[in-house]
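Participant: Sequence:
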Amino acid sequence: MKTASYLLILIILASGCIGGGEKMKVSSVFEENGIIPKKYTCEGADINPPLRIENIPENAKTLAIIVEDPDAPGGTFIHWVAWNIPVTTEIPEGIPKEAVVEKPIHMIQGINDFGRVGYNGPCPPRSHGVHHYHFKIYALDTELSLKPGSTKKELEKAMKGHILAEAELVGIYERK
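All residue numbers for the sequence shown refer to our numbering, where the first residue is 1 and numbers rise by one.
Certain hints may be false.
[As the list claims (entries may be wrong)] FRET-style restraints, in silico, Cβ to Cβ:
| id | residue 1 | residue 2 | range |
| --- | --- | --- | --- |
| 1 | GLU166 | GLU31 | 14 to 24 Å |
| 2 | GLU102 | GLU32 | 24 to 34 Å |
| 3 | SER27 | GLU174 | 18 to 28 Å |
| 4 | PRO148 | GLY94 | 18 to 28 Å |
| 5 | GLY21 | THR142 | 12 to 22 Å |
| 6 | SER127 | LYS61 | 21 to 31 Å |
| 7 | PRO37 | THR76 | 15 to 25 Å |
| 8 | ALA99 | LYS61 | 18 to 28 Å |
| 9 | PRO92 | LYS38 | 27 to 37 Å |
| 10 | ARG116 | LYS23 | 17 to 27 Å |
| 11 | ARG126 | VAL87 | 37 to 47 Å |
| 12 | GLY161 | GLU31 | 27 to 37 Å |
| 13 | GLU98 | CYS42 | 16 to 26 Å |
| 14 | ASN59 | GLU168 | 19 to 29 Å |
[Stated by the list, open to error] Think about it this way: if two alpha-carbon atoms lie no more than 25 Å apart in a straight line, the pair counts; the simulated DSS-like pairs of lysine-lysine are:
| id | residue 1 | residue 2 |
| --- | --- | --- |
| 15 | LYS160 | LYS25 |
| 16 | LYS61 | LYS25 |
| 17 | LYS25 | LYS152 |
| 18 | LYS147 | LYS160 |
Keep in mind that the hints were calculated from the coordinates and are not lab data. These numbers come from a predicted model, not from an experiment. For every residue, glycine included, the Cβ atom is placed at its ideal position computed from N, Cα and C.
Based on the sequences and whatever the hints tell you, model everything.
Facilitator: Shown next, in the form of structure tokens:
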């Protein structure tokens with residue numbers, strides 16, 4: 001009986017339910033399911049919003065980002081993929097649209113569905129209704145060997161088996 005109790009405690013500790021295993025969170029200048037400010041869309045400066053990340057696992061080596069719109073007429077539309085971001089609690093706004101970024105923070109960026117490198121913001125078809133934009137952050141246990149300009153599909157394949165935690169923030173936008 002004593003062995004079973006110890007085993008149960010070990011399983012609970014390993015699952016992160018006790019001892020600081022808080023879920024990773026991401027936030028920005030808009031609330032969950034809130035309207036993304038125009039500044040971060042194709043109708044504004046078209047720069048990425050700042051992202052604040054909390055409760056990153058201590059053993060994380062890098063972060064990755066995927067931003068996508070599942071409401072696009074042709075299926076899920078990718079707005080941003082980036083990886084090999086050093087563990088940090090904030091991704092600043094306005095990351096340069098370059099494949100390899102050194103400042104304000106290091107990251108490697110891929111190709112979005114606009115056919116461009118870096119972030120391109122919400123730009124749903126006019127009168128298509130509200131679109132939901134999923135800002136996903138992944139904490140990884142390694143640096144990825146993925147070439148600059150890779151796609152979301154390639155990033156997801158490279159991350160497989162290396163995701164320690166993930167967090168998601170959904171923002172909305174509509175063009176009338």
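Participant: Quick check: does the Cβ-Cβ distance between PRO148 and GLY94 fall within 18 to 28 Å?
Facilitator: Hint holds: Cβ distance 19 Å, inside 18 to 28 Å.
Participant: Next pair to validate is LYS61 with LYS25; report whether the Cα-Cα distance is within 25 Å.
Facilitator: Holds. LYS61 to LYS25 sits at ~17 Å (cutoff 25 Å).
Participant: Is 18 to 28 Å right for how far apart the beta carbons of SER27 and GLU174 are?
Facilitator: holds (22 Å)
Participant: Starting from the range 16 to 26 Å, see whether the pair GLU98 and CYS42 falls in it by beta-carbon distance.
Facilitator: Roughly 19 Å apart at Cβ, these two residues keep to the hinted range, so it holds.
Participant: Please check whether ALA99 and LYS61 have a Cβ separation lying inside 18 to 28 Å.
Facilitator: Check passed, 21 Å falls within 18 to 28 Å.
Participant: Given a hint of 14 to 24 Å, does the C-beta separation of GLU166 and GLU31 actually sit inside it?
Facilitator: holds (20 Å)
Participant: For the hint 15 to 25 Å, verify it against the beta carbon of PRO37 and that of THR76.
Facilitator: For THR76 against PRO37, whose Cβ atoms are near 23 Å apart, the range 15 to 25 Å holds.
Participant: Starting from the hint 37 to 47 Å, judge whether the C-beta atoms of ARG126 and VAL87 obey it.
Facilitator: holds (40 Å)
Participant: Has the given pair, LYS160 with LYS25, been kept, meaning a C-alpha gap of at most 25 Å?
Facilitator: holds (20 Å)
Participant: Assuming the hint says 24 to 34 Å, is it satisfied by the Cβ distance from GLU102 to GLU32 or not?
Facilitator: About 31 Å separates the Cβ atoms of GLU102 and GLU32, which means 24 to 34 Å holds.
Participant: Return holds or violated for the Cβ distance of ASN59 and GLU168 against the range 19 to 29 Å.
Facilitator: Since the Cβ atoms of ASN59 and GLU168 sit about 21 Å apart, the hinted range of 19 to 29 Å holds.
Participant: Within a Cα-Cα threshold of 25 Å, do LYS147 and LYS160 meet the stated pairing?
Facilitator: Between LYS147 and LYS160 the Cα gap is close to 16 Å, so the pair holds against 25 Å.
In summary, the numbered hints that this structure violates are 6, 9, 10.
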